[in-house]
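> Build the full structure now, drawing on both the sequences and the hints.
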Amino acid sequence: MLLKVMIDPGHGGRDPGAVGPTGLRESDVALAVALEVASLLKPIVDYKLTRDRDIALGPDVNRDLQERVRKANEYDASIFVSIHCNAATNKSAKGTETFCYQRGGKGEELAKKIQNNIIKELSLVDRGVKTASFYVLRQTKMPAVLVELAFITNPEEEKLLRQKEVQQRFARTIAEAVASFFSLTLPKEGDHLSSTGPFSDVPDDRWSAKDIQEAFDRGIIKGDEQGKFNPQEAITREETVALINRAINYIMSKK
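Going by the working numbering, the residue at position 159 of the sequence shown is 159; the numbering climbs one at a time, nothing skipped.
Errors might be hidden in some of the hints.
Keeping only pairs whose Cα atoms sit at most 35 Å apart, straight-line, the calculated DSBU-like set for lysine-lysine is [what the hints assert, rightly or not]:
{"hint": "1", "residue 1": "K106", "residue 2": "K130"}
{"hint": "2", "residue 1": "K210", "residue 2": "K188"}
{"hint": "3", "residue 1": "K112", "residue 2": "K71"}
{"hint": "4", "residue 1": "K42", "residue 2": "K222"}
{"hint": "5", "residue 1": "K42", "residue 2": "K120"}
{"hint": "6", "residue 1": "K106", "residue 2": "K188"}
{"hint": "7", "residue 1": "K222", "residue 2": "K71"}
{"hint": "8", "residue 1": "K159", "residue 2": "K130"}
{"hint": "9", "residue 1": "K48", "residue 2": "K94"}
{"hint": "10", "residue 1": "K188", "residue 2": "K141"}
{"hint": "11", "residue 1": "K228", "residue 2": "K94"}
{"hint": "12", "residue 1": "K4", "residue 2": "K106"}
{"hint": "13", "residue 1": "K141", "residue 2": "K222"}
{"hint": "14", "residue 1": "K228", "residue 2": "K4"}
{"hint": "15", "residue 1": "K120", "residue 2": "K159"}
{"hint": "16", "residue 1": "K222", "residue 2": "K130"}
{"hint": "17", "residue 1": "K254", "residue 2": "K222"}
{"hint": "18", "residue 1": "K222", "residue 2": "K188"}
{"hint": "19", "residue 1": "K71", "residue 2": "K210"}
{"hint": "20", "residue 1": "K91", "residue 2": "K112"}
{"hint": "21", "residue 1": "K48", "residue 2": "K210"}
{"hint": "22", "residue 1": "K164", "residue 2": "K112"}
{"hint": "23", "residue 1": "K164", "residue 2": "K130"}
{"hint": "24", "residue 1": "K228", "residue 2": "K188"}
{"hint": "25", "residue 1": "K42", "residue 2": "K210"}
{"hint": "26", "residue 1": "K210", "residue 2": "K159"}
{"hint": "27", "residue 1": "K42", "residue 2": "K4"}
{"hint": "28", "residue 1": "K255", "residue 2": "K71"}
{"hint": "29", "residue 1": "K48", "residue 2": "K120"}
{"hint": "30", "residue 1": "K48", "residue 2": "K106"}
{"hint": "31", "residue 1": "K210", "residue 2": "K112"}
{"hint": "32", "residue 1": "K91", "residue 2": "K130"}
Hints were generated in silico from the structure; no laboratory data involved.
So this is what it looks like as C-alpha cells:
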C-alpha cells in the first residue's frame, strides 16, 4: 500500500491567520513547520503540501478550504495533517491541542500520537485531543487531524513559535507521530541519507528503494538526464504506457 500524507499549512497569502503581539503571522509559522515535516517524512512516505509558499488557495475563506479538501481527496491521501497556531482574546491562554472529527477512529489515534509527542517534547500545557466539525476534518475522506501548536496571541508562546529551533522540534514531533501511526521509523537526527542504488535522489532507506532498484535492474524504469528518478513527480499517460510495455516485455522474456 502506498502511504501518502497530505500536509496542510493553515491560511496563507491574503489570509495571515492569527497575528501575535509582535506581528508574528500564523500562516508563516504553519508553513515553516509544514515544510520541515515534509522534509523529515520524505525518506519514508510520499507526501504533498496544500501550499509550499505564502499563497491563498482560493479567493475567499470558503473556497480556500474547499481547495485544501479537494487536493487531499484527489491525491487519495492516507492521512491529512493540518497545522495551525491557536489564538484567543485572553492573552494568557496557552498550550497545545489537537482536533479530530470524531472519537474512536483512526483520526483520533493520530491526533493522540501528535498531541502526546508535542507535550512530551516541548512541555507545553496539554489542552488535550478534542473533536470539531472543522471543514477540513469533516469533508476529507481519510483520517484527518488539525493541530494547534501553541497560542500565537500569548506573548511567551509567540516567542517560542518564532524560534527556528522550536519550529523544527514541533515538526519532528509531528513527523514522528505520523511515522508511528504507519508503524514506521523516522530517520534519527543527523543520519546521513545516502544512496547506493541507481538514482542519487532515492536514499537506501526510502520505503520504495528496493522496488525502484528491482524495476531499474529489469529495465522497466529509467532516470532523467541527470541520473535522478524524481520519486514524487507524477507521470504522463505515455510514460505509463511505456512502463507497462517494458514490464510486459520483461515478463515475456522470462518465459
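> Quick one: which hint numbers does this structure break? Sort them smallest to largest.
11, 16, 26 and 28
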